[in-house]
Amino acid sequence: MMGVAAGLASAGYTVFASSFAMFAAGRAFEQVRNSIGYPHLNVKIGATHAGISVGEDGASHQCCEDIALMRSIPGMVIFNPADATEARQCVLAAAAHDGPVYMRFGRLAVPVLFDDSYKFEIGKGVYLKEGADVTIIATGLPVGAALEAAQALANEGISAAVVNMATIKPIDREIIVDAAKKTSCIVTAEEHNIIGGLGSAVAEVVCETVPVPVVRCGVEDVFGKSGPALELLDIFGLNAAGITAKAKIALALKK
Amino acid sequence: MNAALEKELKIKALHIRKGVIEGTYHAKSGHPGGSLSIAEIMAYLYFAAMQVDPANPKNENRDRFVLSKGHAAPALYATLAEKGFFPVEELKTLRKSDARLQGHPNMNYIPGVDMSTGSLGQGISAAAGMALGAKLSGKDYRVYAVLGDGEIEEGQVWEAAMFAAAKHLDNLVAFVDNNNLQIDGTVAEVNSPYPIPEKFAAFGWNVVEIDGHSYAQIEAALENAKACKDKPTAIIATTVKGKGVSFMEDKVNWHGVAPKQEEYTAAMAELDKALAEVEAE
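Line order of the protein sequences matches chains F and U. So the first sequence is numbered by the numbering used here: it starts at 1 and just counts up by one. So the second sequence is numbered by the numbering used here: it starts at 1 and just counts up by one.
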């Protein structure tokens with residue numbers, strides 16, 4: 001499929017190719033790398049069913065490695081929208097962008113966070129909430145949980161900022177540096193392995209610019225398992241409580 | 001076939017072979033064997049079959065070529081240079097760090113290259129995509145791919161074969177360069193793809209078997225492909241690896257080794273002699 005998409009793109013089409021993240025990024029990694037990435041062809045990969053919220057299908061279908069794989073391909077742009085509003089804008093932005101794009105979508109129905117005034121821009125993170133003590137940088141499904149975590153922290157007198165990072169590559173260095181300077185510690189939240197995803201991308205920028213503690217909330221280098229999606233998110237700590245706990249670790253580290 | 005055309009193609013193929021030797025000798029690496037085996041196919045495609053214009057290499061109505069066996073890049077480069085896409089002299093820069101001529105074809109660096117290839121099995125999928133693109137846009141260009149007989153051991157080839165037949169891509173022609181040798185031995189020993197014609201036929205392709213060094217047979221096969229509606233065509237071309245350089249012929253060790261000084265001189269002398277003979281015909 002990825003090879004045919006490359007051929008169509010070479011013939012002048014803007015191609016959308018879609019499959020489960022496990023197969024689009026996992027199985028077809030080398031086709032994406034060599035037939036789409038290397039020739040920098042105009043293919044938009046719509047990777048669905050990403051992360052553990054696939055639920056009952058279990059670990060064979062729960063792709064928590066795709067961001068890491070796609071991030072390593074030169075020229076690849078990566079979107080991970082947080083809700084339906086942003087997903088729609090991501091698709092339109094992908095169509096308008098010249099070059100390969102990897103769009104990461106989940107299977108789970110998630111609350112709509114943004115209204116029509118929300119503006120997605122390639123490569124730009126967005127402050128959803130300002131805060132002074134810790135910044136939670138989240139992508140995709142955990143953005144909602146990050147907002148809940150910020151509220152929980154506020155109830156304990158901790159001021160947490162929340163950044164929605166819908167573009168993982170190119171990463172918004174400016175907003176990360178700004179957050180590091182303002183709150184001196186960062187928590188990342190993603191439905192992905194803590195290795196190679198958003199947490200790694202943020203840590204790379206922070207280490208090279210304003211070294212402050214970065215604590216990653218994500219799937220902790222394990223395979224997923226079967227179960228109802230919401231239960232799995234709780235089990236793997238990808239919920240407000242999990243992010244809140246990581247925020248406290250980050251706060252302790254900066255002291 | 002037309003005698004004047006055949007003579008011209010023989011001369012082109014000898015120049016392509018000289019280009020292959022020139023490139024791999026200067027690169028001190030590369031794949032001469034499987035480049036030499038497709039010289040006649042390349043000569044026929046670029047000098048008798050395909051509508052391409054070196055002055056307008058991105059013309060959207062041009063016929064497309066995908067070297068799915070991307071390691072035969074020296075043959076593609078020599079052909080493109082001979083056609084006028086870039087200077088023949090540039091063949092000496094093959095695989096150099098400041099050169100456009102990468103070890104395997106890059107469509108963004110080299111005018112006339114329609115698809116970046118090199119990872120075996122992938123080119124045929126892209127070729128199918130190009131052919132599908134022509135169908136979707138109502139264009140009448142044709143897409144030609146050359147695969148290796150070792151390459152078709154890759155599973156992706158058969159996924160593409162299934163797809164091309166399912167989508168009735170009768171504007172797609174895939175040559176299989178059946179020189180019977182791959183890097184580790186004969187294709188039969190390593191992981192036999194035989195019987196090749198029956199496999200493509202079973203996947204829904206129109207199949208033609210030819211001597212891949214016979215222009216008359218290449219021509220007839222391409223005419224057969226053009227006449228065939230609703231099916232892609234596979235041309236299974238029996239060839240000799242290393243063809244045209246006597247000491248390289250049918251020798252597996254010339255799969256991926258460049259000629260050294262003495263071998264280079266001997267190969268060029270042999271090709272020059274053949275060239276003089278053809279020109280004197």
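Among the hints, erroneous ones may be present.
[As the list claims (entries may be wrong)] Listed below are several chain F residues computed to face chain U (Cβ distance under 10 Å; list not exhaustive):
1) Gly3
2) Ala6
3) Gly26
4) Glu30
5) Ser35
6) Ser60
7) Arg107
8) Leu108
9) Ala109
10) Pro111
11) Leu113
None of these hints come from the bench; they were simulated from the model. Idealized CB from N, CA, C, for every residue including glycine.
**Report entry** Violated constraints from the hint list, given by number and in increasing order
**Finding:** Per hint list: 3, 6, 7, 8, 9, 10 and 11 violated.
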